[in-house]
Amino acid sequence: MMKRIAVAVIAICAPLGAQWLDYPTAGVPKTPAGKPNLQAPAPRTADGKPDLSGIWDNNRRGTAPVPIAEGVFPLGASSVGWVDFGAGLPGGLPYQPWAAAAVKQRKAAFGKDDPTSHCLPLGVPRLLVDPEYRKIVQVPGLLVILNERDAGYRQIFTDGRPLPVDPQPSWNGYSSGKWEGDTLVVQTNGLHDGMWLDRSGSPITDSAKLTERFRRPNYGTLEIEVTMDDPKAYTKPWTVKLNEFIVLNTELMDYICNENEKDTTHLVGK
Amino acid sequence: MTKSVILLVVAIAVPLSAQWLNYPTAGMPRTADGKPNLSAPAPRTADGKPDFSAVWEMEHTRPCPPNGCDDTPSSQEFLNLAPRMKDGLPLQPWAAELSKARTAPPKTDEPITNCLPVGIFELYTHATLRKIVQTPGLLVILAEYNASYRQIFTDGRPLPVDPNPAWNGYSTGKWDGDTLVVQTAGFRDGIWLDTSGHPLTDAAKVTERFRRVNYGRLEIEITVDDPKAYTKPWTITLNEMLAPDTDLLDYICLENEKDRAHMVLK
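Going down the list, the protein sequences come from chains A and B. Note that the working numbering gives residue 121 to position 121 of the first sequence, counting from 1, and the numbers run on in steps of one. Note that the working numbering gives residue 43 to position 43 of the second sequence, counting from 1, and the numbers run on in steps of one.
Keep in mind that a hint or two might mislead.
Lysine-lysine pairs mimicking DSS-like chemistry, simulated, CA-CA at most 30 Å apart [said to hold, decoys possible]:
#  : chain 1 : residue 1 : chain 2 : residue 2
1  : A       : Lys107    : B       : Lys49
2  : B       : Lys49     : A       : Lys262
3  : A       : Lys30     : B       : Lys174
4  : B       : Lys107    : A       : Lys49
5  : B       : Lys228    : B       : Lys174
6  : A       : Lys104    : B       : Lys258
7  : B       : Lys49     : A       : Lys178
8  : B       : Lys258    : A       : Lys262
9  : A       : Lys178    : A       : Lys241
10 : A       : Lys232    : B       : Lys258
11 : B       : Lys49     : A       : Lys49
In case anyone wonders, no lab produced these hints; they're calculated from the structure.
One chain only, chain A, in its complex shape (with noise of 0.2 Å):
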């Protein structure tokens, strides 16, 4: 049991703060009563296109996964998905045989093999469940994400780049992005093999496609459905919905994963 709270303390500790940080975000439609409207419709850029940008959390707990389509799943909150992220799948994700093997022999193990425990990157798109906060910064031809989580960043290009035929795998692979009406759709490939997708240790392989499509439906809403074409892994391409909330005035404080890092040793598996 200590080991498991070993483990869990490593991946999702967060900083303590001498000051936290308030500064009124610019620019928040407001009801008459003064508050956020976060009903309000989203901002757009200075071309036309919706805003993306903002700060964004995942954690919302305890929400059901409710079908938004047939087959498309919220997860709702990312405790869920963070653990899996398949979770509002029936039947979960669609795992080859051996990535079953895998998820069961990792979760034995209470993860101990599993990347974050050893501070390495999260990776694409388990990124976007982590339960620290991101920022997405939009700007003409580019779109960064800014994860507190290492005070990493992820870029995608919305310059209209075609994906390289043999990127350098990395852990966010290299994604571009095109506009479909207010939804940027974005492609990834070039990922590093070896990637967990969520604490279960869902397997993530070389040859990983990846689809994301972001649309912010209100000012206070992001939602990114995640379509991972992975046949290495998984029987048949799968989909899940996730949502993002907003969050006001503050600001991302980055957290070092490996700084003072005592936990490592511990991590025995059983």
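Dock chain B against the given chain A, drawing on the hints supplied.
Structure of chain B alone, referenced to chain A:
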């Protein structure tokens, strides 16, 4: 000797690439023969401010060894932030002692050797690339080293009174003509400014003056006021040079890291 070589490797190793990224930089002025015109004027944003957005690398200030340059040579300033300062940085006596102790073999406590963040100075001097993304209220610096970022707020907010101490501190910037003047406080104690172990303490206040001299060069004048570690404020100037037609490749220091276990002198 082998051991000091190991230390160097962990500090500067970079990934081997399947494919270098070579997508053309948009809007880059070119000369008649198609080469980047790096002496063209700096671009400007819609609001008329100079635009610092680009991929940048540290000016190569060290001569290459006789057998040729490395792919990613370290700058002189990475080794010593003030190589041209006649008497060196004005260290307080304890800080001079500390630098000496820090750099004595086996030098195992250097943050970069332990894959920790490098802070805002080695962020500029590290051999890997960095990229500036400039928006009207925010400047973001993305760094290949540990695929990390730094934020500089340019929306007029004040510095927090008691910020959470951080490797990058907390930064706000204001335009002074074509120069962005950035104030930073809230540093975590124990930062190394360079591999010489020059310290930065939690008393430090740093002022950076960013100026894009021309298309190809970003000049950053840095003034450090850290009375705990230095007898007086001091100023240096760094040059970042444009890296055309490429982009960042993340370097995750901890990935497949095998060196730390060997960092023992005897």
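- Under the criterion that the straight-line Cα-Cα distance not exceed 30 Å, is the pair Lys228 (chain B), Lys174 (chain B) satisfied? holds, 27 Å
- Task: Would you mind confirming whether the straight-line C-alpha gap from Lys49 (chain B) to Lys262 (chain A) stays at or under 30 Å?
- Result: Distance ~46 Å between Lys49 (chain B) and Lys262 (chain A) Cα, so the pair is violated.
- Item | Distance restraint between Lys49 (chain B) and Lys49 (chain A), which requires alpha-carbon spacing of 30 Å or less | holds, 23 Å
- Lys107 (chain A) paired with Lys49 (chain B) [C-alpha distance capped at 30 Å]: Roughly 53 Å between the alpha carbons, so the hint for Lys107 (chain A) and Lys49 (chain B) is violated.
- Message: Run the distance test for Lys258 (chain B) versus Lys262 (chain A): straight-line Cα separation, threshold 30 Å.
- Response: holds, 18 Å
- Message: Hinted pair, alpha-carbon criterion (30 Å max): Lys49 (chain B), Lys178 (chain A). Please report holds or violated.
- Response: Status holds; Cα separation ~28 Å.
- Lys178 (chain A) and Lys241 (chain A): Cα distance at most 30 Å? holds, 19 Å
- Are the Cα atoms of Lys107 (chain B) and Lys49 (chain A) separated by 30 Å or less? violated, 51 Å
- Task: Below or equal to 30 Å on CA atoms is what counts here, so check Lys232 (chain A) against Lys258 (chain B).
- Result: holds, 29 Å
- Taking only the CA atoms, is the gap from Lys104 (chain A) to Lys258 (chain B) under or equal to 30 Å? holds, 28 Å
- Query: Lys30 (chain A) and Lys174 (chain B): Cα distance at most 30 Å?
  - Reply: holds, 28 Å
Hint check: violations occur at hints 1, 2, 4; the rest are consistent with the structure.
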